Structures are given as C-alpha cells and as structure tokens.
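Just need the whole structure built from these sequences, with the hints factored in.
Chains as they are written, first to last, in numbering that gives the first Met the number 0: chain A, 0 to 458; chain B, 0 to 458.
To be clear, the hints were calculated from the coordinates, so they are not data collected in a lab. Computed from a predicted structure; not experimentally measured. Where is the CB? At the ideal position from N, CA and C, for every residue including glycine. Careful, some of the hints might be misleading.
[To be verified] Part of the chain A face toward chain B, derived, beta carbon under 10 Å:
id, residue
1, T66
2, A206
3, L313
[Claimed, not checked] Below are the EDC-like pairs computed for lysine to aspartate or glutamate, each with C-alpha atoms no more than 16 Å apart in a straight line:
id, chain 1, residue 1, chain 2, residue 2
4, A, K437, A, E361
5, A, K59, A, D34
6, A, K103, B, E2
7, A, K103, B, D34
2 protein chains.
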Amino acid sequence: MEEFREWGHRLVDWVADYLQNAGERPVLHSVRPNDIVNALPARGPEQGEPMERIWADFEKIVLPGVTHWNHPNFLAYFANTSAPPAILAEFVAAALNANGILWKTSPAVTELEVVTLRWLLDWLGLPAEWFGMILDTASTSTLHALAAARVHVAPETRDAGAPPNLVVYCSDQAHSSVEKGAMALGFGRRQVRLIASDEAFRMRADALQETIRRDRAAGLLPCCVVATVGTTSTTSVDPVRAIAEVAEREGLWLHVDAAYAGSAAVAPELRWLLDGCERADSLVFNPHKWLMVPVDCSVLYSRHPETLQRAFSLVPPILNTTDGGLNMMDYGVPLGRRFRSLKLWFVLRYYGREGLAQVIREQVAMTAELRDRIAADSRFEICAPCNLSVVCFRLRGTNEANSRLLEAVNRGGRFFLSQTVLGGRVVLRIAVGNMWTKRETLDAVWGEIERLARTAFPE
Amino acid sequence: MEEFREWGHRLVDWVADYLQNAGERPVLHSVRPNDIVNALPARGPEQGEPMERIWADFEKIVLPGVTHWNHPNFLAYFANTSAPPAILAEFVAAALNANGILWKTSPAVTELEVVTLRWLLDWLGLPAEWFGMILDTASTSTLHALAAARVHVAPETRDAGAPPNLVVYCSDQAHSSVEKGAMALGFGRRQVRLIASDEAFRMRADALQETIRRDRAAGLLPCCVVATVGTTSTTSVDPVRAIAEVAEREGLWLHVDAAYAGSAAVAPELRWLLDGCERADSLVFNPHKWLMVPVDCSVLYSRHPETLQRAFSLVPPILNTTDGGLNMMDYGVPLGRRFRSLKLWFVLRYYGREGLAQVIREQVAMTAELRDRIAADSRFEICAPCNLSVVCFRLRGTNEANSRLLEAVNRGGRFFLSQTVLGGRVVLRIAVGNMWTKRETLDAVWGEIERLARTAFPE
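What follows is the structure in structure tokens.
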C-alpha cells in the first residue's frame, strides 16, 4: 500500500497542476489515426511493469492523444466540466467499488441516487413523485424510455413480443439517439417520423397531429413522441405543452430529451425551459452535460416506474430479496451499477443550487454577448436563435468556405469548435459549458475567427 | 485549486488506509431501507457547503450504507477487486473527463480500448481479428449481441422493423440478462427458450437441436443461441463446441456469455474454458468481474463489426467526420464513452498476464481446498461441480434451515455470502474473486459456518 500512497500523492499534484494549467495545452489531440496503437506493443506484457514506466508511457504516448474536455477552450459539441469535488468523489467510488445491483449490495449507492434525484426534481420544478435512476448516457436513457413506451401502449410486448406497427415521433432536429434507440429496439427506421420544425427549429405540433392522423388511417399504432428541450444543433426548445396536448389526446407516451438544457432550470429565470414537462411520461437530462459532473451520469425520470418494471424486471433466484429495499435493477437493463450518485451528491452540495445556477447564468450571458459581436460583423450571420449557451453562425459564403474556416480554427490548436448543418448549410457552433471558460476565452476565440476570416477569406 | 490539492492528499491517505484495513470493517452495510434517505435533507442546499461538512456526512451517513465489495470477506455473487493501479487510473480519467464519442473527441480513449482489447484476445486465445468495445455491464453487452443477431438473421429489421417470429435460445442456467435483453428488445419472453441442462448444469446440445427443429416446424425463425461459460449459479460451462455445431448448421448467431469465467483463460491451464468460443459470433466478458478492474468495464467482442454497424450506426451532421479514425459510436447504443480503457491498461501492465493468472490460479486452488473441507463434513453436501472459484453447498436439511444458516452467517457481519436455487433446493454459494481474500479468510468463513451449524442446527 506504500506504493499506492506514494503514487496517489504524486497524481493528486499532477491532477491539480493539470486543472490549473489545462489552458496552456493544445485543446485538441495531436495524433493521427493509429499513432497510439502503433506506439504501444502489439502484445501485452507477460510480467508486471513498474508504475514509473506505465506513467511515463501515459505522459509520452497517451496524453498527446487526449482531447481536453476539461479545458477552458473546449467549445465543441456540448462543452462540459469535471468539477474538482466530483473528481475526488470518483476516486473514492473507485476505491469502494460498491455495486448497486440490489439495494443490499450497497444501500448507499441506491439511496444517494434517490436523494440526489429528488433534490434535482425540486430544483428543476418537476413533480416530486417521479421515479429517477442514473444511467450512462442519454442514448441509453432514451432507449429505456422507448422500451417503456412500447410496453405502455402494447403491454403484450413483454410476453408475446412487440407488434410490428408501432410508430415513434420526434422532430427533424431531434438527437440521432431517438432514431438509433428505436432502430436498436426493433421498431425499424421506417416507423420513425421526423416531424417538420418551424423557422426556429422547434417541432410543429400541428404537423405532429396531422402525421399521427395519417398513420392511424394507414393502420399504424402511434406509440411515443419525443420532444426536445435544447436540441443538439441549435439548442431550440420544442413546444412541450402543445406536444403534451397531442400526446394525451392520442394516448402516446411523451418522452422529453432535455439532456443538455434540463440542467439550466436550476436557475429560476430559466425554468421556462421545462414548461409543460410536468406532463411528460419520461424525461432525460444529463448532469454530465451542464451540471459540472464528469461523464458518465445521465438521469432518466419517469412517472411510471411500474411500466419500467414491466419492461425490464426479471428476478433470478440468486438475486431474490425480501428486505424491502429498492432494487434498481428492476427498472432497467444494467444489473451492475457504479456508485455514480456519489459524484453527483458531492457536486450538488459543494456548489449548492445557487452556485450551479450562477455558473449557468454567467455562461448564458457571455454567450449572448458573443452572439451580439458576431451579429455586428457584416461578414457573418447568426443562423439560429441563441437562447442558451450555444451560438450558431456562418460566414456569408459557401459551405466549403465555412468548413475551411472551422478547420483553420481547430488546426490552430488553441480552440476546439464543432459544426452542424441547418437547411443544407454548414454552420459553425461555439458551445460554452465548461466552468473554466471565461469572457476572455470568448474574446480570444472571436479574435481568432475574425482574424482568420480577414486573412484567409478576404472579401 | 489549493483546496483540491489539500483534499486530494487527505483522501489518498484515507483510501490507502481503507484498502489496508478494509477487513476490519463489517463487510455488509448496517442500515435499514430509507435510513440514508431519512438522514439526509429532503431538499438540496441553496448555497454551497464546505468539503469538511460533505466529507463528515460521507463518513457518518453514507459509509454505514456501503457493502464493501473491495473487502477480503466479500464472498457473494461474483466477488471482485478494485486494484490500486486501477483506482489511480479512474482518478486521472475523471480529471481528464475525456469522452470517446468520436475518435477525434479523444483518440486515446478509443485507441487504448483497441490496444487493451487486442492484448486480451491474445491472452485468452481468441481470434486476433475480432472487434471489441467496452460497455458498462454484461447485461448491456448481451443486449447489443441480441440486437446484432436479429439484424444478422433478419437484415430488414433496421429499416422495416423486427419480424415477430424470431426465437432466442439459452440454457435454464443462463443469466437473467439474456431473457431481459430479449424482452427489452421486443422479442417477447415467449420467444425465449430455456434449454434443459444436464446433471452438471450444462446446456444439452441435443435438446437445443430438437427445440430448434420444433420451432422451425411451427413456423418460427430461430435467431440466436447464447452459451454460457461460467454460469452465475454454479460456474458450469456449456459445451460451446457442440453448440457452435448446431448454430452453424442452423444459421443462428452464437453469443457466448463468459462474463465471469472468461478472465480465467489468461492462465494457460484454464484456456479449456473457452474451447469452441473461437467459433462464436460474439462474446462478452467482464474485466470488472475477475480481472481486478473496478466496475464498470464489460467487453463485447464480435467477428462481425459490420453487423453491429448495421444494427446501431446513424451519423448526424454534427458528428460527421472524415479523419479516418475509428468512431466507436457506430457500433453500439451509447454515444458518450468514459475513458474506461485507462484503468484496464493500468491493470494489464501493472500485473502482466502472468501476475493476473497467478491471482486467479491461487483463487481456484484455495476454492478447491475449501470444497474438500466442506465435502468431508457429513452434515453438508456439495451441490455442483466446483471447477473455478465458486463452491455451492448446503446443509443436508430443509430449505428453511439453509436460508436461516445463510442469514446467520451474514448477520454476523464478518462475511457476506449469497445463495441460489438448484432444482428447487436452496444452496449457499461462497464466491472467491477478491484479490485480498486469502486462505485464512476461507478458513475463517468455514469455521464460522461450521460453528453455526453445530450450535444453531444441532443434529
């Protein structure tokens, strides 16, 4: 244990230095495909190796292949944070190795999950009685919601198998995980309808209603509609209340994908984001996206735990219990459950609701300022309403010019941005979401883009 | 960052002490349902709290609710280990927060996964060209395998949806995750056949063949057979070679569940366990079960990566890439991917193949010695062949007496065992698998059982 102690102290200092100076590293990796594979031996070692050598290879071979998500200049996808107290919690959780298969296999795993997810319901203004559980990613959470929706609409699925004519609805801006989940579950891509969105990229509830009508007329069975609060491309917010009206009238399960934007509702002035969500049958949001918790930590809520049980519960004799504790395995696919609630609990307590709200509030404000600066430059256009912490913009020019601009920024090594496509047009995205990102970061990235636009793409 | 540094050092010492002295704690938690929920506030804090207070609550409220998996006397389910180098790797991974959505979002996440999973193919004697990826648990891996099997046998599933007449086969000793996965995917429980096992709890290949014949005659479409190498109840090993013959002849996908026992094949003398598995279409094994890696780390291998892609790949514009890197998201449900390969790489290097083999070899040997001691006591009987690190036994008496004996052992607080049911009879299981468990541990648990049998259940 002396070796562990010594290396532990050494790595604590390494991590502290890393967090302090992350901004001095290139944010993007600096390797080509297979560089790391080729730099490491094709066969594993027969005999054990000293920590010194493993760590040397980590610094020399692995680290150049890391894209630094916990870096202030990471502005791609949905930027996020691994907050210091959460890093410590993950360390302790790995040491305990507690596994929440059943309540009794580590009650703290299950009960801290119950406690933290109730706190979050309260902070987000969602119904206090909802059931919640932590899964790895929003893709997995949405797959669970779709499976529950299917059992809800067609209870015979559990025993007799799924009927072939079920249909899933989401907007043409929904995350690919909806279509992927439906496909993996055997719905078939043809049974997924991508409903048209309006000029602000929000699902049109009238188009949803009309499509359901047509599907019923064709003998199909509408099953589930997925509304998005904070789409991946533009952070647009579907009209959940109007969609809930349709879902209730038509007997569909309403699942809300608030993976990114849900967290923002910890700030009272952003509670409007979840308007209507209290009528959802299930909702996913990811504390690992915008609540400073390291990956992975996705929360799936549902008002129908008994439907999750119907979709997933099977108890073999080896896991039979009579202690009255809550066995999370009865509500989803995974049996093993890492102690993810520990890091969530550390973060919620260390920052408090107001501390988290303040970080998000600041990020929304500085993103709006960035948008205004971009909008004021006639060479650029803003491509979508900017309501949260993502700004979508482009050079007034060809798709190729925009792709080259993005590539030039990322190749520079100081910043990492991503792109999307809106109505066939390539659009650049700057996503703020890392707590280390400051106003100066956004000044600098805009300076870089503006400079590249001037020199590489002169008018 | 000074606070992080200070707490980091403090927690390194706490963890080192914990690992050193885990054996002095009660292995099982000491709480009743809702104790932890009730001890914590119903609402989360508005303002942030100091680390000192969070940690005090951790020690006072959370820790009594932890069942200590990383404790030498944990002998339930499949006991396992969180090895010191892996704990350090998890700490570093949490700080980096690298997310392997795409190759470029952190090439090291993907490429260390490629490297470590190739090393393991070599060590296990499996085909070098198999594709591998890390998922959270074996339940998730098996769900992926079943979805791939369905697309393999019925390629129209991806677009048109799953046909209603597909059938999945496994033995009556298979893990519940097979039936659960099939049910979640919409196969329907009636389309899962639990094939009879022989007197040593191994699937009968002749019964499999006969059941497939009958299903075909009834117009059903046999899709997938799941063979188990190391069943959960008794660690029995299905005759994979004979099952592969049937699967190949009948055009079924063969998935092997080697979640627990697969790791043992790092010891050459235990390679026989995977005999025939080179003919599988997919195979799952969990380094977090018997390879000293903390939860979660489940490996899914397949010879058909293109089938996984057909089952799961969907690329939205925001994730379009042209860099030629391997994007793991194309092969499964989760989009976000934690840097799980780091802990696996640390463990494989720190111990080496021979170091890991030596731990497993010792555990198998000491389990056999324990079995012999139990077999020599006429009050007890051994209930299944003991070929690996689990011994199944019972008092010669009623089910109730055995349940009471188990309860008495666990209530004592020094040891944690689990039970199963074989042919309607309650059976106690002692599972060795934690690297901290020594011969003296097994001497002591047997002493305790023997004492309880003598005093509480006199002849």
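Hints and how they fare:
{"no.": "1", "hint": "T66", "in the structure": "4 Å, holds"}
{"no.": "2", "hint": "A206", "in the structure": "20 Å, violated"}
{"no.": "3", "hint": "L313", "in the structure": "5 Å, holds"}
{"no.": "4", "hint": "K437/A x E361/A", "in the structure": "9 Å, holds"}
{"no.": "5", "hint": "K59/A x D34/A", "in the structure": "12 Å, holds"}
{"no.": "6", "hint": "K103/A x E2/B", "in the structure": "34 Å, violated"}
{"no.": "7", "hint": "K103/A x D34/B", "in the structure": "12 Å, holds"}
When the structure is compared with the earlier hints, violations turn up for hints 2, 6 and for no others.
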